[in-house]
Each structure stands twice: as structure tokens, then as C-alpha cells.
Amino acid sequence: MKKTDPYGFMSIFYIVMKLPLFVKVTLLALLLFWVTHAPLMAQQLSPLDKPITLSLKNEPLKQALDKITTASGVRFTYNETVANSQVKISIEAKNQRLENVLTAALSNQPYTFSLLDQEILIRFDAEKLKKPNAVPAANPASNGKFTVSGTLISKASGETLIGATIKVVGASQGTSTNEYGFFSLTLPKGSYQLAVSAVGMKNEIISLMLDGNKKMDLALEESSKELATINIVAKARGSRDLSNPQMGVEKLNIQDIKNVPVLFGEKDVMKTIQLLPGIKSAGEGNGNFYVRGGGADQNLILLDEVPVYNASHLLGFFSTFNSDAIKNMSIYKGDMPAQYGGRLSSLLDIKMNEGNNQKFGVSGGIGLIAARVNVEGPIQKEKSSFLFSARRTYADLFLKLSSDSTINRNQLYFYDFNLKANYILGEKDRLYVSGYLGKDVLVAREIADINWGNSVATLRWNHIFSNKLFSNTSASFSNYKYNINIKEDVNEYNIFSQLRDWNLKEDLQWFANSKNSVSFGFNSIYHTIKPGEISATGNSGILSQNLQNRFSWENAVYASNTWKATDRFSLTYGLRISAFSILGKGDYYDLDGNGNIIGSTSYASGQLVKTYYNLEPRLAMAYQLNENSSVKASYARNAQNLHLISNSNASSPTDKWVASTNIIKPEQANQYSIGYYRDFSEHQYELSAETYYKQLYNQVDYRNGANIFTNQPIETQLLYGKGRAYGLELLFKKKAGRLTGWISYTLAKSERKIDGINNNQWYNARQDRTHDIAVVAMYKLTNKWTLSANFIYYTGDAVTFPSGKYQIDGVNYYYYTSRNASRMPSYHRLDLGATKQLKQTKKFSSELVLGLYNAYGRENAYTIFFRDKKDEPSQTEAVRTTLFTFVPSISYNFKF
Amino acid sequence: MSSISRYIGYLLIIGCLFSSCEKAIDLKLENAIPDYVIEGTISNEAGGAKVLISATKDFKDNNSFNGVSGAQVSIENNGTAYALTETSKGVYQAATLMGTPGGSYRLLVNLAGKNYTAHCTMPKAVTLDSIYVSQSKYDLNKDKVPRTFAVVKYKDPAGELNYYRFVQYLNNKKEKTLFAFNDEYTPGQTVNTILNYNNPNDDLSIDLKKGDNLTIEMQCIDAAVYKYFYSLDNGASGNGNNAAPSNPLTNIQGGALGYFSAYTTQRKTIKVP
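Residue numbers (our numbering), protein chains in the order written: chain A, -4 to 891; chain B, 642 to 914.
In short, the hints are calculated from the structure, not lab data. A quick note: this is a predicted structure, and the numbers were derived from the prediction, not measured. Just so it is clear, CB atoms sit at the ideal spot from N, CA and C, and this is done for glycine as well. Treat the hints with caution; some may be incorrect.
Unchecked claim - Sample of chain A residues at the chain B side, in silico, Cβ under 7 Å:
#	residue
1	495
2	532
3	534
4	699
5	859
If we strip away everything but chain B, and leave its shape as in the complex, we get (with noise of 0.2 Å):
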């Protein structure tokens, strides 16, 4: 459902006809003390286990990653402890740690002295049908060509939740938007889902044309990661809509950002026709 919160918000901006206009301001903002935000995730994929780690800048620094070394990172699994080694900065790997769907995994990272964990078991997979491109009455490009989006399409299981994140590649490009999905409102449904996202700087290279090379990843994810996703896209992306932005909900205890995430992953490409 979190398409209609971005179409409400289209209308609201619609409502604004009378102006809305835009500038970029310099605001004093407060710098917060350094957080540390743990990305963590283990695919029943090899190269899957990851866990990137890093600190939070303040506003006015520049966007790059900002990695944290030094840290003992492990994922463990029935009792056995597989430790990652750090391959550049902040970036912690267990290149052939592979997990299997409906095996509990825990993160342990010990960084500073202190301990993070976190906890998640890796959903069944549900089977990604097929993939296909449809084209939009309503979304215009900048030339006023109708954009073309990607659609997702597969059965839910009935009698179970079940949660999803879709990932896009556009000729080997990751698309930033962040499609993440439950079964709420359609349990045990044969789901048409359009991953249409935003392209606000009119960038022609991020929309899908024909011949383009469209590969979409599915991950199944368990509820927690799913909440947060959730909370990430409507807390913290800046939207000022937003009466009360917030951090978004972990599962990872002991006081860090980010989160801890084993899901299944599948993927399917097609030539956009």
C-alpha cells in the first residue's frame, strides 16, 4: 500500500497548484553525536553475507561511506560462529557463508567495546512468476512520453504473512527506490505488483526504455525488516510532509542504526520489448 501514500502525496502537491516553489536553503542544523549504523545481511547466496558498518556524518559532509574498521563481526548459525573479515573499510565479508531458507541466524559485532546483536530467520521463498513491463497512461517524462515500469508478478501463500523487497537493475544500474511490500491485503492472491518509482531530476537514464536490460531481484524478508524498510522510507528520507520523522525501527539490539536481514533472493531479467 505504500503506492497510495505516494500518490496522496502527488495530489497533495497537485492541491498546491497555486505555487510551490522551491529553494535551497542554509539551515542551522544540530550535530548530533556520532551513531554507528549496522547493515547486515545474509542470502541463501554466496557472497550474500555482508555486514557493512559505519558512522553517521553531519549534515553538511559529503555523501560517502563513511566506514567504521576494526570490528569483530560473526554471523552464527545453530551454535557455529562464522566470523567476516573486513575487505575495505566498513566493509565486513564472508564470501561463501551461505544460509538456507528457515534457518535462524544471529549477527554479533563487537565494536568499541561494546556488543550489537540482532536476530532473524530467513523466510521460505515464494516463487517470483515472471516479470514484465507495462506502460503508464498517466506518467509522463519530461518530453511527455509515457514512462515504462517494471511488474512484478507472483503467488502469495495463503495462510501465512509474508513480506517482500523488490530490487530494480536497469542495465546493471540499482534503482534507489525502495520497494517493500506485505501480504496485508492480499493473502494467498496471484499479485500484479507495478514498481513505479520517481525520477525527479528528469534523468532520462534511470527510466526504462526499449532494449534496456531490466533485471528485478526478489527478497523474501521476515517482519522485522520489513518494519524496517517500512519506517526508513516514511521516517527518515527527508520527506517534509512528515509531521514527526523518526529513526526507523531496528532489530538490532544494543543501540545502533540500521538493521539485520537473512532473506532468500531470486532474480529474473528480461529486454524491456
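The shape of chain A in the complex, shown without the other chains (with noise of 0.2 Å):
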């Protein structure tokens, strides 16, 4: 391997890094903390005690609260829907407790208050709400049922809304909206009113007298950051839906992960997830992870429903998408509800913003490596919209501007686009049409170059074929493709892989009453993939190779119905039936137990090899215990039939996708789990625990010795076998207040059993890491200022070390004994953000954002490596690699 020295830019960024004033402002980072915090912790008279002499007649909620506050200097927190209440209230008090006081005034009213800090929480209560004069549904006399469906929108950008609850207030009823933003709603005949809240939007309440089917689309505005008051993101209750059958869940919402800071400044929702329980990063810096001791190939990461293959850029330091395009993710850590399947692990389902459909606007940023630029508008207003976003990094505009030849000959960056239209083309009908498109570019010095990307379309039309069946047809197109170029003098050789995709997918959603939901649909991909060929030019004497393409077509069916059988036990049960039918043309090949060919079978075009079925039932269950607590189940079983083939430690670009053949066959996995929930203090605290047990089958591994660059057929050098993983996750979040953040914690393995690895005993998967912490905090400090800071801790990974040395033919080679029963060193770092505001009106916002990522300098390990002492040739030496150690980031991002 070759060596080469960190060039010119680099040099300045070390110097940059290593100076202590990154040290000073770590520390006062730190001290800043802790000074606002101390108060905290210092005993004091609670606000509720204050007394308290106040006279007020029919004074709006937000005039009596400043009231209050000037007479007792007692501040209050509250979102928009009390700053904007209609409610008029009256105190009559003289020196009396404040929570007396406010008992009393908000004894009849919708809002309920709490302690929050040395703050007063005062919160929109629906249940205070006079009970609904509904036909109770006990009735079985009623007279019928009807259904409310609509879709849900921002009212600023005509965006629809994903995951917005839609409840019956004073009963348990209710829905959320599906990733369209449409829901439906079936209830008995009688007038409702209905709480409606989504993230970051003002919460409504709406009168709906149900007398018949009604259609109710409504446009939420969003929770403006212009007030002077601090605005509670904290979701209404049930935002995590204690009640939902659906457990191993995580959504984040872009406006969740705006302030953690991250490398490079750059935002990342690859690198945010690593944070919660159950995902593991997969090494430094690096946007590829593991779920449930799974691989990395385990995933399925969609894309506006497209799998991306190769969700990363740089050799995986950053992930393919853009975060400013992005709406909303969710990630599935392998109980996938049946309409998913294709990857053992996990579903990371990413969903982009649409384009603002109400006006024109550009927002964009700058940073230390990248610039972004998003623009977005109507093409007809409230009928259509595109946005645009653009991404590239500059890294490399650094290294031209060396006079060192040998430096400003590299390049190394990479660009990505997304863009997008929509028609609304009526009550009825809405289309999407979508693309991406991403490119990584990595030349050093004329020698080599390495060039790869994803290219992605999609058309989607959603259908509302009535107010209680909606459905989603889409057709994308796929292709990933790499590109490797060696020069070497009179020689040049070319690697040239691609796996291409056409897919068609139609989800059906049917509300069908008020106690069942179903879904069903089918998903059908083309894949042709075209292994690493390798042509030449020269006198190497290479001969250039033309490879089979391997064509292979993935059906799939399911059904899934969610049955909430009591109003504490729900249940979701779902049968998905995949079949994978390897097709001709091509060869296929018979071999030996050690790998040698000993026949093969030519197929015509089209001709059928072989179809592998696969049933993979899911299933899962929830029991409410009481208003904040549930404990829920689940089992699922899923099957993958494309996998990657990879030695590498880092992510490389080689690694091979290759699809199941009359030889490899399709990998599956049992995921048993099963979890517990509560919510505290009015829901602003959140405390989950999941195990899981988890089974696989048909996993995919290099023989010791293999050769990856063989133009042998791969199952030529692979072994199969099973593997078992199981482990503990926890973790508690604080969702309102100026704090709010996480603790995320996991105890983990994941192990493999191969004949002809490790002398046919378990071993632990590479990924396999015992214990897991990481802590996020975001503190809003100001109005202008919001600090952050991630702490992250982990056990090293295992990994195989050498157990001795020996020689042959007088160089030194070192000795294994067993598979990954080594450790690599702990891991742990601190990151530190803050973000500045730095000019908000109506027409143009902006802020700074700073961030120092590994802020106390720990030198984690990257890789380690062994070799003779260079200065002391008679002795070996273990070698530590370091990527990051102070890494500070300034980032610019405005909208106007």
C-alpha cells in the first residue's frame, strides 16, 4: 500500500486545528453549560409558590400571562396556539399562590400548565374540551357511520404533511396521515371536534359535524420562529403512539436534526441515525451503518420509494443526501411493515420535499468543504411545483492552489442534484416526477481514477379512488454504476460495474372502519447488473473481458392489516410473498466443496434458471398498559436477495453487488422482539426499551484466501452460513424545553457460524460492538443562540489481530488463530455546535452555524496495521491510523 502524506491544504487545517484556542473554546462551551444549568440545581422557591396580587377581567390568555409575569417575575413558555388564543380569562387574587390562581382561571378553559424549568409551561389541552355531544359508539343503535378523509398541507409551501395525528378530542379515536398526507377516518354520525397536529406546525382544533361522508383537506400554518415567545416543538400526546403495533421505529424530522452537530458541518440523517439505539456507525466519519448486528448491504434505503444502492459519497464520509431537499425519515430496524422487504436489516425510508407550491424561494448554504442551493416554487400556483437542489464539495479547489505538482494533479470531490415537479391534477389525483442524480469523482495524480454514482428517476401518481382507499402507483428507474482507471505508464486498465433497476410498485391503502386499516399491494424490479469487467490498452498483454450481465426480476405481493381490537390492544398481521426468478442469458455454474467449477449450464435470453420463494409473515402487537405506557411485540421475517460482496474495511467502491444465483441463495432472517414505552411528565419525556433475537440464514462470506479480482465466477470464492445477533436498546428523550436531546444506549451481538472459517465455530461479525452510548444535547440558549454538543462512546469492534509472526523467505508475515476474536481500541469523542441566528425577517433569514467535531482530540482508531519498526527493522510494531481529531466547521446557510 502506498503512502502518501497528508498535502498542502491538509497541512493548514492541522495547524488550524491543533491551535488552543479550539481547546479555550471547548472549555467554554462547557462552562457556558453548566452556568446556565447550575440554577437548576440550586434549591429555590418553586414559581407555582410565588404569591401572588393580581385583578384581571376578561383579559386575552397572552396580555393576562405577561401580566402575571410582571407582577410576580414569573415567565411562562407556550407555543403559538396560547399566544394566539381567542380565551379570555379573569383573576381576582390578592397574595395568593400562583397555582392557586391559575387553577382557578383555567379551570373552564382548554389549557392546562406545569412546571418547566423555572418556567411555567402552559399547554393546549384538548381533553379540558367540553366531551363531544357524539352518538356514543357503544350505541349499537347509531345511526350509521361515516368517514372524514382529506389531505393535510403547510399553508406556507403547499407541502403535505407525513405523520400528522388527526384525534377525536375526549376520545381515543383517531389517525395519523400517511406518507402522501391523506387520512381517513371512519366514526359513528354525530359532531366532533377533531385536535390536528403535526411537527413544527400550529396545532388546530376543527368542528366537524359528521353527518354523512365528509371530504376535510386542511392547511396547518406553520409554529412561526418570528415570536418572542419560545416555541415547544413537543408533539401533542401519543406523537409516538404508545398504541401503534409498529415497534424498532425511528422518525426523524429534518427540523429534529437541524442542530446536532456533525463532520465538517455538513448535515447528515445517515449519520444522525447512527445516534439512536440499534445502529452502529460503520467506522469514523462514515455515513454507512449496521442495524442489529446486520451488514451493511442489509439496509434498504429508499429514496422517494427507490432503492439507492450506494447511499455514499467520499468513500462513505458523506451520505447522497442532500438534507435540504429532504421532508422526513423514518428508519424500520427489521420489523418492516409487509409492504417492505428486499434487506434483512432495516428500511431507512427517506422522503424529499415536493417544492413550495405558494411562492418562489432559494435557500442554500455554505461550509469549510460544500456548497448547497435549493430552489423551489410554484409552476401554477397551489397546482404544481418543482424544486431544485444542487450540491458539490470544493475540498479539492484547495489542492489546486498548491504549486506542488503533485498535489494540485488530484481531485476528489463530488456533486449531487435532486429535482423535482408535482401536479395536483385534481380533487382526485396528484403526480410526481423525480430524479437524482450523484456523482463521485477521485483522481490522484493521473495515476488512477475512480469515478461512481447513482442516477435515480421516479414517477409516482397517487389516486384517491374513494374516501377510504388511496393508493400510490410508482415506476423508477435506477442505476448505479462505478467506473475505475489505472494508468500505468504505457498500460491502462478500466474496471466498469453498473446495477440497473426498473421497478413498478402499487401500495394500496384501505381504511376499511374504524377498527381496521389494511394494505396490500405488489412491487416488481428488473435487475440487470454488470459485474466488475476489466478492459486494457497497452503491451500488459491484458486482454480486455467482456462479462455476462446477470439478469434476475423480483416480484413481490403482500397484504397487512392493522386491527385495533380494544382501545388498548392493537394488532398488525401481514404476509409479504417474494419470488426471485434468476434469468437467462448466461452461464451458470456447478462446483465443487472447494469452490472449483465442475459444470455449468448455458441459458437462453429471458430463460428461466431458477425462482426462489420466499414467505415472510410479520406480525406485531401493542397493549396499552395506561395513558403513558404500552409493551409491544413483534416477529418478522424477511428475505434479501441481492448482497454485497465485501473485504474492505472502509467502504470501497469494489465492493461487489452481486444477485442470487443457482449458488447463493437467498439470505433470510427471524427477528423475534419485543419492547417497552412510557412517557413521562406530560409526555415531554420519553424512556423506550427494545430487545430483539434475531436469526440468519444463507449469509455470504469470502473464502480465507479469496480472490476478489478474479474473473472466475464469485460464487467461486465465497462460503455460506448462519448467523445469530440479539441485544438490549434503550433510550430516553427530553422533547420539550430549552433542553432537549437524548441518551441513547445498547448491548449488543452479532456472530457468524461458516464452514470453513474459523475452523467451523461461531465468530463474531465484524461488526459486532458490546456496548454503545451516545448522548445528544441541544440547549437554546437565546433566541439567536442554540448550543449543542454529541457524546459518543463505544466498545471497539472485533477484529483479528495477529497472534504471532513468522518468516518466509525472509519477510516477516503474522500468524492468525482466530476470526474477529480481537478488539479494536474504545471509541469516544465530543462534538460541540452552536448555531447563531443571524437575521430573520419575513422576506430573509440567515444563520451561522459552528461546530468543532472530536473537540478534546481523542486519537480513535481507524485501522490498525502491523509492519517492521521503520527506524528498527529487527522488531514489528502495531500501527494506529487517525482520520479526525479537531475538526472545526463554519457554515453559512440562508433563505430568502
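Relying on the hints, combine the two individually framed chains into one complex.
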């Protein structure tokens, strides 16, 4: 392996990084944190106990609260629903405790109060509204049931709202919007008040007289930041949906991750999810991840419903998703709904913004190594809109500044574009077109270059068949390819590989009645895989190869029902049936036990080689213990027919995707999990504990001594076996107040048993990691400043270190006894971030984001290798490579 | 194609521009029970019959050859066994024993009551047509001077699988890099292969300079030996990017490390112009 020095630009970086200033900044930030928090720890008179003398008559709520603040010095925290409330209150108090005064004043109003730090939190409380005069659901003699359905959007942008909740005030019925903002709720005839809430939006209470089927399209207002009050972004109760049987899922809104500090200041969903329990980073600064002991290829990553095969840029340091264009993301840790399949470990479902159909807007940012721009606006107001976003890194431009020709001839960059448009065709139809194009280029002094990228295009059509039946049809194309070019003086080599999908998907959601909602549909994907094909010019004698493409057709049908058996118990049961057909044209081989070819069969174009069927049952249930807690259990079976064959530690573009063949069987997994969920203090805190056991079958690994550059069928280099993984995941979240964030802890084990590896004994998977802790804190210091910090600690991954050495032909080599029996050193680091709101008007806003990655400069091991000592060749040494210590970042974001 | 993985490794490092700080660390490594290492060779030249027997050492030990004495070593051909005698600790030789291309050889080692055997057929010799040097346009030494490498030229015979190993001697000093190739991508072609290697210590004495005496030895090896060298280089050289280091695939039966190779040898020497 060639050794290169960190070049010019990086040495500047180095000096900057090593400045003691950053040490000071770290200390200062920590100090600030303590200073602002110290008073909380001191014993003080509770604000609720403060005496107050005040007389108010029919004063609007906000003014009344302001007057209480003037009179008592106690401050209030509330959101805009409260600030804009039309409610008027009266107070007549002479030296009374504030608690008693507020209790009396709010007794007949839909508001409650509670203590939040040293302030009083005023919340809208739908429960206190008058009970609806609906015909009780229990009365079977009611005059039938009707359905209210519609689409929820944001008033400001026209973007549909995903996962917004619609709840009947004072009753247990409710629903939430699907991924296209559609909802359907069937209720007995009657009049209702519906509480509608969504992240970042003002809550609304809608009165509804349900005497027939109703259509209710709603535009919610954003909870604006201009208000002088502090916005409490805590979702309404039930936000996490204690009653929903779905478990092992984490949903993040782009707002949630905005302030989490990241490497180089590039907001990145794929790195933020690694701070959640059960999701482990694939290495320092790496966007790839492992879920519950599975491999990096066992995650299905969907961008607007299309699978993305290599979701990282620059060897994993950046994800392919431009966070400016992302609306929402959910990650399912193995308990995927029946709608999804094809990967064993997880589903990361990323939805992009559709584009503002109300007004034209531009946003963007300039950071240390990348710039982004995002343009969106209506094509026809309220009918259609577009969105275009682009991003490019420019670290390589710094390389060009160098006068040293060995440096300035290197190139290292990526760019990506997202382009979307959508049309509302009518009341019932909406059409979406979207495209993504990303490319990485890595050129090393004209010797070698690698470029690789994804391109994705989708056409989606939403159709509302009836107020109970919603359909989404999507047709998409996805192409992932890489090209490696190596020049060796007169000789030049080229390696080309490609994975292309045509995908048709139909998903139907049938909101059958108030107790059952059914989803069903099918998915059909045609894969074409071109394995790494080598061509060469020059006198090397290397003959250009023409490798056969591999064709396969993946089909699945599914149906699933969520049944609300009682107010407390819900059950989701479903089945996915998948069929993976390997098709000609091509040659398929028979091998002996040592991987030698003993025969082959040729298939004609379109001829069926083999079909693998898999039955994938999914079962999930939830039992709500009380208002604040529930238990859930689930079972899921998944099958996977595309496998990434890799033998390197870093994410390398040469990792090979291969489809199942007559020899490579579909990977399968069974996952059993149970969990306990509890909310505290008016849902400001939530705790979840999940534990799982997973069995894995037909796991693939390279043989010992495999040749990864052979043109022999890849099967000759592979071995197959089974695996098991189990663990415990804890998550404690604080969702409201000035300080928000979470603490996550994972205890896990992941093992494999493959005949031919480790003497056929169980061994640790490479990604096996025992303890993993993440602490994420965001603190709203003032209206202008937000501070944030992450702390990450994990014990080392399993790794194979030598347990001796010997000489062959006078050179030292290392002796290994068992696979992955050693551990990398423990990893820990602290990241700090600060965001300053610079300018904020209706027309223009901007912010400055400062960050410091690895704030105390821990030298974490990226890799460890072994060699003869340079200055003392009679000895060997272990050498640790470290990637990032003290990486400062600064970026400027704007929006107009 | 091993040069390709070398270049990819190079690219990965360039990719990690933002950094890469290397530091020797004190790592607690498990010490294994020593295992025997047998390195047996026979060539079509006198002096080529040589078997080195050693034992593995702990990582922290020094790098000296840990020879093992007292083994009974012989090489058998067509039912005749030729004994090798121990000339220094762990080194067993039969000075006059020579193999012939196409001949089948069996190594027998009896050590501490256990038998180790290996079988290898000496391939036909492929002619090394010429050697010459080529200056790299891109690979510079620490003084920013382009490095020079040897190039070997030979015609691969068509219709059969061939495996080669090259050893470079610069002013009679052996270069440690393992150059092992197969003809998977070059069947029946005239092949020009650059023997390029790293110089991690920027030691100018191991780089080719004008006037240097350059000798290249070409060995034609059999498939199992090629597999051994390939897996040795990829799996056991201590490289930190390999996710699954492992012991190489040996052709020795009985549970020892190492290999037994019957190979043909030829040399060419030039003065670096």
C-alpha cells in the first residue's frame, strides 16, 4: 500500500486545528453549559409557590400571562396556539399562591400548566374541552358511520404533512396521515372536535358535524420563529403512538436533526441516525451503518420509494442525501411493515420535499468543504411546483492552490442534484416526478481515478379511489455504476461495473372501518447487474474481458391489516410473498466443495434459471398499559436476494453487488422483539426499551485467501453459513423545554458460523460491538443562540489481530489463530456545535453554524496495521491510523 | 491484477486526505502456541533444494529466523527419496539435488513425531524474453524524482494455465516485495509487466538508479503455490484495510504453515541505463 503525506491544504488545516483557541472554545462551551444549568440544581422557591396579587377581567390569555409575569416575575413558556388564543380569563387574587390562581383561572379553559425548569409551561389540552356530544360509539343503534378524509398540507409551502395526527377530542379514536399526507377516519354519526397536530405546525381544533361522508383538506400554519416566545416543539400526547403495534422504528423530521453537530458541518441524516440505539456507525465519519448486527448491505435505503445502492459519497464520509431537500425520514430496525422487503436488517425510508407550491424561494449554504443551493416554487400556484437542489464539495479546489504539481493534480469531489416536480391533477389525483443524480470523482495524480454515482428517476401517481381507499403507483429507474481507471505508464486498465433496476410498485391503503386498516399491493423489480469488467490498452498483454450481465426479476405481493381490537390492544398481521427469478442469458455453474467449477449450463435470453420463493410473515402487537405506557411485541421474517460482497474495512466502490444465483441462496432472517415504552411528565420525556433476537441464514462471506479480482464466477470465492444477533436498546428522550436531546444505549452481540472459516466455530461478526452510548443535547440559550453537543462512546469492534509472526523468504508475515476474536480500542469523542440566528425577517433569514468535531482530540483508531519498525527493522510494531481530531467547521445558511 | 488492488489502496489513502495520522501503539496481543512453518523449494538448478523449518514467534519478539533443528527432511521423486541435511539451525539442504520441469516431487518432514507432507509438480519453463526499465510518470520519490521500475517481458503459452513469480535483485540485494502473477487476464499474450513496489521508508538504496546492477529471477510456479503467495500477500501482511486477515492457503498436509514449491528458474541481468 502506498503511503502519501497529508498534502498542503491539509497541513494548513492541521495547524488551524491544533490552535489552543479550540481548546478554549471547548472549555468555554462547557462552562456556558454549566453556568446556565447550575441554577436548576440549586434549591429555590418554586414559581408555583410564589404569592401574587392581581386583578384581571376578561383579559386575552397572552396579555394575562404577561401581566402575571410583570406582577410576579415568573415567566411562561407556550406555543402559538396559546399566544393566539382567543380565550379570555379573569383573575381576582390577593397574595395567593400562583398555582391556585392559575388553577382557578384556567379551570374552564382547554389549557393546563406545569412547571418546566424555572418557568411555567402553558399547554393546549384538548382533554379539557367539553366532551363531544357524539352518539357514543358503544351504542349499536346509532345511525350508521361516516368517513372523514382528506389531505393535510403546510399553508406556507403546500408540502404535504407526513405522520400528522388527527384525534377525536375526548375519545380514543384517531389516525395519522400517510406518507402522502392523506388520512381517512371512520366515526359514528355525530358532531366532533378534531385535534390536528404535526411537527413544526400550529395545532388546530376543527369542529366537524359528521352526518355524511366528509372531505376535509387542511392547510396548517407553521409555528413561526418570529414570535418572542419560545416554541415548544413537543408533539401532542401520543406522538410516538404508544398504541401503534409498529416497533423498532425511529422517525426524524429534518427539524429534529438541524442542530446536531456533524463532521465538517454537513448536516447528514445517515450520521444522525447512528446516534440512535441499535444503529451503529460503520467507522469514523462514516455514513454507512449497521443495524442490529447486520451488514451494511442489509439496509434498504429508499429515496422517494426507490432503492439507492451506494448511499455514500467520498468513501462513506458523506451521505448521498442533501439534507436541504429532505422532508422526513424513518428507520425500521428489522420490523418492516409487509409493504417493504428485500433486506434483512432495516429500512431507511427518506422522503424529499416536493417543492413549495405557494411561493418562490431560494435557500442554501456555504460550508468549509461544500456549498448547497435549493430553489423551489410554484409552476402554477397551488397546482404544481418544482424543487431543484444541488450540492458540490470543493475541497479539491484548495488542492489546486498548491504550487506542488504532485498535489494540484489530485481531484477529489462529489456533486449531486435533486430535481422534482409535482402536479395536482384534480381532487383525486396527484402526480410526482423526481430525479436524483450524484457522482463522485477521485483522481490521484493522473495515475488512477475512480468515479461512481447513482442516478434515479421516479414517476409516482397518487389516486384517491374513495374516501377509504388510497393508492400510490410508482414506476422508477435506478442506475448505480462505477468506473476505475488506472494508468501505469504505457498500460491503462479500466474496470466498469453497473447495477440497473426497473421498478414498478403499487401500494393501496384501505381504511376499512374504525377498527381495521388494510394495506396491500405488489412490487416488481427487474435487475441488470454488470460485474466488474476489465478492459486494458497498452502492451501489458491484458485482454479486455466481456463479462456476462446478470438478469433477475424480483416480485412480491403483500397484504397487511392493523386491527384495533380494543382501546388498549392493537394487532398488525401481514404476509409478504416474494419470488426472485434468475433469468438468462448467461452461464451458471456447478461447483465442488472447494469452489472449483465442475460443470456449467448455458441459458438463453429470458430463460428461467431458478426461482426462489420466500414467505415473509410479519406480526406486531401493542398493548397499552395506561395513558403513559405500553408494551409491544413483534415478529418479522425478511429475505434478501442482492448481496454486497466486500472484504475491506472502508466502504470501497469495488465492493461487489451480486444477485442470488443457483448457488448463492437468498439470505433470510427471523427477528423476534419485545419492547416497553413509557412517557413521563406530560409526554415531555419518553423512554423506550427494546430487546431482540435475530436468526440469520445463508449469510455470505469470502473464503480465506479469496481472489477478489478474479474473473471466475464470484461463487468460486464464497462461503455460506448462518448467524445470530441479539441485544438490548434503551432510549431516553427529552422533547420539550430549552434543553432537548436524548441518551441512547445499546448492548449487543452478533455472530456468524460459516463452514470453512474459524474452524467451523461461531465467531464475532466484524460489526459486533458490545456497548454503544450516545448523548445528544441541544440547548436554546437565547432566541439567537442554540448550543449543541454529542458525546459518543463505544467499545471496539471485533477484529482479527495477529497472535504471532513468522518469516517467509526473509520477510515477516503474521500468524492468525481465530477470526474476529480481538477488539479495536474503545472509541469516544465529543462534538460541539453552536448556531446563531443572524437575520430573521419575513423575506430573508440567515444563520451561522459553528462546529467542532472531536473537541478534545481523542485519537480514535480508524485502522490498525502491523509492520517492521522503520528505525529498528528487527522489531515489529502495531500502528494506529487516526482520521479526525479537532475538526472545526463553519457554515453559513440562508433562505429567502 | 495485484497491482490493481495496490492502486486502489493508494486511492483510498488519497481519499483520506483529511488526515491519516499514524502512530505506533502498544497493543495487547494474544500469544499463540507456536506453530511450525515449513518453506520447502526445489528448482531446476543446483542449490535450489532447500527447506527452512521454523516456529512462529510472539509479536513482541525480535524478527530473527526462529529455526527448528532435528527434523528429518527428504524430497521424493519417482519413488526415490533424497535426504536433506541440516546445514545451519532450521536450514535443510541437498546441494546437488535438482528437479526437472514436469517432474513430480513430494516433501516429507518428520518433526517431533509428526509427519508433514506436500506434493508439487514442477511446471514447464516459460522463457523470460527480456527485462528493461521504465520510468514512472507519476510515482515520485521523496526528492520528487520519478522512480524507475523493472519491466519483464515474456510470452505466455496459450491453452494452459500459468503462474509466475518474479524476484528482483538490485546490486545483489533482494527486494522484499512479492511479485506473483497468473495468466487469467493474459492467456497466450506477450506480457509486459512492471514490477513496481512501495518504498515506505524513502530508502533510496532500494530504488533503481543509473548504473545499478539489476537482476530479475523468473520462477514458473504451480497453481497451489500461486494461491499460497496470493493469499499470503493479501491476508497475512498486516494490512489494516483487510476485513478478514487469515493464514494463507498452504499445500502442506499435516497442519504446518508454509508451502512447498517445485519451480523452474531463470535470470536476466542488466545495467540500469
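| Numbered hints the structure breaks, given as an ascending list | Of the numbered hints given earlier, those the structure breaks are 1, 2, listed in rising order.
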